[in-house]
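S.K.: Listed below, chain by chain, are the residues.
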Amino acid sequence: MNYLGTDPREGAVLLATSTSASTTSFTFDGVFTSDYDFYFMDYYDVDHDVNNANLYWTWRNGGSDMTGSYFRSLFYGMPNSTAFSGYGIASNTEYTGNDNQIRGPEATVTGGGLQGTTWLLPQTENRKLSKNLNQHLYSDSGTARAHFNVMGWLHDTSTKADGIRIFPQSDNISGTFRIYGLNKQLNKIKSINQSDKQSNFVQSNYFGNSAKTDGQGWVKVASTTASSGDASIEFQNIFTSKYDTYKITLEDVRPVSDGQDLEFQYIDNTTADTNTYNSSYLGQGSTGASATTTAFNQSQAQILDTIGTNGTESGFGILYTTPMSTNTDKWLWGLTISENSSANTKSQVISTYRDSTTAYSGIKFLFASGNVEAGRITIYGRQT
Amino acid sequence: MSNYLGVENKGNPVLLAKNPISSAVSSITFDGIFDDTFSEYWVTLYDITVSAASGIQVYFKWRNSGSDITGTYYRDQIYASMNSANSGQPGNATYTDYNALTDFSFGTDATREALNSIMYLFPRTANMKFAIHDNLYTADSSNTYMSYLFNVLDDTTKVDGFSIYPSSGNIASGEVCIYGYKK
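In order, the protein sequence lines correspond to chains A and B.
Counting in the working numbering, the first sequence runs from 1 upward without gaps.
Counting in the working numbering, the second sequence runs from 1 upward without gaps.
Calculated from the structure, these hints are not laboratory results.
Everything hinted at is true.
What the simulated footprint calls covered on chain A by chain B, stretch by stretch (three residues with Cβ under 8 Å from a Cβ of chain B suffice, anywhere in the stretch; the number is not a length):
| # | segment |
| --- | --- |
| 1 | 66 to 79 |
| 2 | 127 to 135 |
| 3 | 153 to 159 |
| 4 | 247 to 253 |
| 5 | 314 to 326 |
The structure presented is a predicted model; accordingly, all values stated were derived computationally and were not measured.
Even glycine gets a Cβ: it sits at the ideal position worked out from N, Cα and C.
Whole structure, please, built from the sequences with the hints as guidance.
M.R.: In structure tokens form, the structure reads like this:
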């Protein structure tokens, strides 16, 4: 450590990145150590050389694959198709054991550009677990269908993994994989020369500048708090090539008019793309409503469902998006929860895409009808 | 590591506190940890184990000014097991004065049984308290589950802490870290 000021051990540390236009596998050895417990693996614009191929991965230790049985479970949705809608939510789940590797996203379509993130627990002496949320194009009898899935992965061994290898069912794959470690070293050094002496991170407007980007993890790029009567919460020219995946946090979002869905539109320069968006979501109720929803083939970019204007009615969410992707589909996905105009809560696992080759520079959030009463939206870029 | 003179790293999330659970405890409580410096917080539960052999659930409750926030906690979730044909999407469950983060019998009966979670919390809202629990855990049956569990408390108090604890006995080991996202 060589610094003047507070130790900036903040954020998630980018430990490894690998990009290839065509390779038989992406292999990261020695990347997992006891320095971290929680790891994240992002994949961006991952593509197979051939159609209808599965993606696999295996833990590694000491430069070798960790063999044995791997298991997974799965639930998923189809944003532009009713294919498989007969499964129903509960049986959208399957579990399978695959010898020596995990079977990840299946039957991907060339040019589909798989996007997503996985959190990993490679250094535990308990079961090796990971959880993945991804989006891609799926080959349904030769027809490309947008597809999102949540997968849980299990490998039952006490051996710690120090690496991972991702590989296709056949031929080669392209794209980018990045691995991040979530900092667990608590910095007990208090800041100097800043007003808040209790913070263990360095405040803005500090003296000097950082030449390094280690540990940035998610970098805040914009935040807006709505005023009552705003037509939308809009961010123009916020997405750039500096980042490829963005995190969007919604807080206390509420409409002026009762019972409105919150939706979004991408922005190209200053113009919102008002064309059709497709989505799928898995919804559940908490207070007052136990109904579940399996929504496939939706031509609406719904993020929050029928938010009300009374009492504590509002909506929250953690979303991710890849607006600058060079592939056709621009994805936005994540988790939301809100209280609707009937004072019932609804949680959703959502996935939405816009079928366009445009690299979008902005995004706006708006209600299906009427203005915004309140809400704060913050956007972070993933360190690359 | 960084080599610089000043300025924030602009990094998120920021690690604010941790409990490495160096010995068995009946509960893990953080008071005064949430304030308006941040509004979105993440809490990680890593390799949480309990002392009892079986029959345990792990509970969560909000706290403020050193006291529990009581009332009806609501819950819905979507879950699936990786190594058994168990899955579901139950909603509208209620608990009095706490919420349950795990289902099924949890304890030490199974080999390598543990709870791991990333909790996404919004404790400083003056609206309804929402928390999203992104879980991976192994139960006594040796079945391992993934779940998204949505935790709801209809209380407008801006809370400053939380507690997690087993339905009986102690938390034996693991680690809890709390992070804030700059707003």
